[in-house]
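In order, the protein sequences belong to chains F and E. full-length UniProt numbering puts the first residue of the first sequence at 1, with every later residue one more than the last. full-length UniProt numbering puts the first residue of the second sequence at 1, with every later residue one more than the last.
Among these hints, one or two may not hold up.
Since the list can't tell identical chains apart, any single copy or any two copies may satisfy a pair.
[Claimed, not checked] When the alpha-carbon atoms are kept at most 25 Å apart in a straight line, the in silico DSS-like pairs for lysine-lysine are as follows:
no., residue 1, residue 2
1, K181, K276
2, K132, K105
3, K433, K387
4, K523, K181
5, K336, K154
6, K181, K441
7, K228, K132
8, K223, K517
9, K223, K105
10, K152, K441
11, K196, K132
12, K577, K494
Hints were generated in silico from the structure; no laboratory data involved.
2 protein chains.
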Amino acid sequence: MTSKVAIANAAPAPVAEVADVLQSVSLSAHRAPPVTHHSPMQLARLAYTPRISPLLRTPRAVTFTSGEPTTASYDVEVIHSQFPHLFGQPALHFQPSDPLSTPPKKNIAVVLSGGPAPGGHNVISGMYDFVKELNPESNMIGFLSGPDGILKNKHLILTDEIVGPHRNQGGFHMIGSGRTKIETEDQFAAARATAKALDLDALLVIGGDDSNSNAMKLAEDFKAHGLKCAVNGAPKTIDNDLRNAQVEVSFGFDTASKSYAQSTASLAFDAVSAGKAYHFVRVMGRSASHIALECALQVHPNLCFIGEEVKQNNITLADIVNQIADLVCERAALGKNYGIIVIPEGLVEFMPDVEALIVDLNEILATSETPLTYDNCASALTEENAKLFRMLPPAIANQLMLERDPHGNVQVAKIEAERLLISIVTTMLAVRKKNGKFDGKFSGVPHYLGYEARCALPSNFDANYTYGLGRVAAALCCNEKTGYIATLSGLTKKPEEWIPAGYPLTMMMNIERRHGKDVAVIKKMLVDLDGSPFTTFAESRDSWRLADNYRTPGTTQFWGPRADDVNLSLALDAEGKTN
Amino acid sequence: MTSKVAIANAAPAPVAEVADVLQSVSLSAHRAPPVTHHSPMQLARLAYTPRISPLLRTPRAVTFTSGEPTTASYDVEVIHSQFPHLFGQPALHFQPSDPLSTPPKKNIAVVLSGGPAPGGHNVISGMYDFVKELNPESNMIGFLSGPDGILKNKHLILTDEIVGPHRNQGGFHMIGSGRTKIETEDQFAAARATAKALDLDALLVIGGDDSNSNAMKLAEDFKAHGLKCAVNGAPKTIDNDLRNAQVEVSFGFDTASKSYAQSTASLAFDAVSAGKAYHFVRVMGRSASHIALECALQVHPNLCFIGEEVKQNNITLADIVNQIADLVCERAALGKNYGIIVIPEGLVEFMPDVEALIVDLNEILATSETPLTYDNCASALTEENAKLFRMLPPAIANQLMLERDPHGNVQVAKIEAERLLISIVTTMLAVRKKNGKFDGKFSGVPHYLGYEARCALPSNFDANYTYGLGRVAAALCCNEKTGYIATLSGLTKKPEEWIPAGYPLTMMMNIERRHGKDVAVIKKMLVDLDGSPFTTFAESRDSWRLADNYRTPGTTQFWGPRADDVNLSLALDAEGKTN
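When you get a sec, could you build the whole thing from the sequences and use the hints?
Written out as structure tokens, the structure reads:
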């Protein structure tokens, strides 16, 4: 049977042709980009034109004003010593000028690094358009499967046919991504070899804090070795921890955090509708709890833990399960045997008692000659740690003992915190029930919201932001600027009013101890407990415990009155700055 | 700090007033409906006007034409004997007429039954509007927390203030839902007492196949006891298994299945972007695999199992893990160590070898005097069953042995199929690797998509459909019709062209053996292996195995060019019928 519906929903002629072209392209890549089979929605998004500042519209009119030399906010001398050629460059601001004549042809490369985030394809699209508008003879080169593609010189020459179908689309699959880090001297040498082989004028690294730190090291290395190739960065990560005075938000956070908030809200309404379960929702964000905080601001859950607060206040696992059990008891007294609790991915790692247990466990496991049983392990621990160890569900205790990372360390990140908490709280409430302190019912349902939003279709905000970032990055790359991160600021205003700039990556760095060395890396932005998003949450959360003030941001809208909503964290941050 | 952003995103004055009113309403309920704190998106949805047929617009102009007496498609005589008063009623079609004068005041009640589905609030809104337009003096009564509210006469008198804030909103929390079944003679007597106490003219049961079967029993019981109270039903369930020649789709399926498809698609693009994991996505739908099928049609995953096909072809767990391992090996040979696999919730229960193991296990566990160890259990099983038992991950085998339902039976439904498959496939691939038959990498990531879409904001389709169903149901209820299900058909056309009708619930019934009795229940619609949705999938799936033809329907849109897309299952079904 030939289905009309299937045909109606398949790609129409122009895109089918693109697919044919893609299939026929002879790739040097080990992995061909997937042929695109767009849905009607994807086709509709292809037609979206990202909104940008007039300053970014005419590539040949882009000039910069340079400010004073910059410095770093932390560890200035060590950072200076690690980047002797590039430390202290001025910030670069865009200014209008008369269009120049066509500049010489250039070879500009791009690489995606780390986990995907909505909007990555638009950074590449924006860059591609700018480079080609400047000089249609210029080449845009995409390294395949992340930084590994640089080391092995696996790449794709980007064309209209390749870039076209990925405009405003989710995913990083046009060229793929990867987590390889360029760290050793051999790796730097391989990167230099590739830059020379391709006669590269510039490389843009689209990635998180570590990837942008790496971009800076590559920029310095290339400069030190006299290569012409500039290296710049663009701020990506759904976790939103690559953020500072210059970077207002990292791309992808808007789409992803609102998606998690929407799912969390549906679970909240499910809880109150069915009236019989507590949903424990763990959301992505291992180092920083920005996503959990955004979910809380959007949804008004009964309880939400913020890792940074847990760490600062030395809140233990025992404290947390008690807080949850208290909530359940208080709500049960109101006839409410349901609720919603939000947990950041890294919660367990922030708890001081768990940290102490892990240190003790690592020591015992490292010094023991034979595999330990559960009981032997427990008796080898300090009294305090043994108490915590015995509180853990056996499955998780065993997992900690048996599954270890390549260095032999306990893998605390593998603990599914939502299941851990449900298990302990269940046990605790059974005891309270026995003692007459709880007469409700408790049923916990675990959820983990993570991978399902990293490749969603980018929101209008992320589509505009990333396309603009791509053009900013292209302006830096085509004008021999190196060691910069592309930025747009004033993001709660209209996209046409967003202010483009390039800031030296060294401005954002501090020194951290890694593998026994002092390394200059971009400082992660954790949740600021004095900042507007957290204080707004902290002022309201008590009123959310027993009431069911749930709300939902709904699904990401591309059209209509709510299509340009931005996430509340960004809005509150912006407000906090103007107050 | 008073936050402008928080204020901008809080409910504006009119809704805040509604909240105050709600708070001040003195409820007979054991659970007050939650105060609404709408987000800007929720406020925007409040303003949506559902699109309906002109036939439903003027309540006083609604009249019916009755067709011939109806029968049942199965077990006619037994069904007739169980519904002696109401069997064989004619189908009711709506026709225009001149508006009548105001009819007498009525008391019309509504109850939500079973798991929530997007659109439930709009069934109530549509009903409320119709009843009040017919006679503003009439009462609309909502039973609280499901059928239990009928038994205990816990209810809420619905008013503009209560219904208003829930228009076009997700969730069932306006009056709550529950899973109590009215089955015993005592329960029927309690229901009659409530109907008399409230002087009810009619009751609408919004629920799935079992709840609608119950509605029919209540209708017959009330009629047999001379009560005036009519009982009718409306077809709800995200699983879409309440469907037949009269019911084209059950409400909530459209919103929920597209939401799961969107998440599945994001995971697919994540797989190809990162290139290092297989995502195993289990989606809701225990008895029927309609949701898995819709996800497959929307996303084009590498593999999707359909429970009905597994059952029909006697596909075993061993077959399925082999199919997956083969896929992984073939893709690894192409350099692809990633992919996406969709699994229906009830998959494990459809497998004949698992079924045989469960029967054997139940027998052994029931006859054993002492708790069995893993090894004792395995040696007591038949050779075939023991082989399968030993193939299971120990955690799952232990779970089967230890966690049993109140009847002492093994709880196969508790098995997380996605984790089971990942575990077995991992072991299987390690063996293949050792034997030189696999040289790729395999990392499986489990996902379960279920609760997070049941209370999403309903799509325009579901908002229109449910509001219309509510008005159809009200027309039946206000015109002394009893034992009917409210329907709208022609659902791939414009909502204004949808055809309203009432069909006798007995038409949809068959006889099933439950607890040793022959019971008349609505026949569940499983995936039809000859139907257009399945055959379309079956024709394409081979081409999806190795290619990465992933696509996404995107998030539910309420405005713009894609706001009125319907799910592909419905579209293909409609096309199948016209072919």
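Now for the hints, and whether the structure bears them out:
no.	hint	verdict
1	K181 / K276	between (47 Å within a copy, 16 Å between copies)
2	K132 / K105	within (9 Å within a copy, 73 Å between copies)
3	K433 / K387	within (22 Å within a copy, 42 Å between copies)
4	K523 / K181	within (18 Å within a copy, 58 Å between copies)
5	K336 / K154	between (58 Å within a copy, 16 Å between copies)
6	K181 / K441	between (49 Å within a copy, 20 Å between copies)
7	K228 / K132	within (20 Å within a copy, 77 Å between copies)
8	K223 / K517	within (23 Å within a copy, 84 Å between copies)
9	K223 / K105	within (21 Å within a copy, 86 Å between copies)
10	K152 / K441	between (58 Å within a copy, 20 Å between copies)
11	K196 / K132	within (22 Å within a copy, 78 Å between copies)
12	K577 / K494	within (18 Å within a copy, 49 Å between copies)
Every hint, counting from the list given before, is met by this structure.
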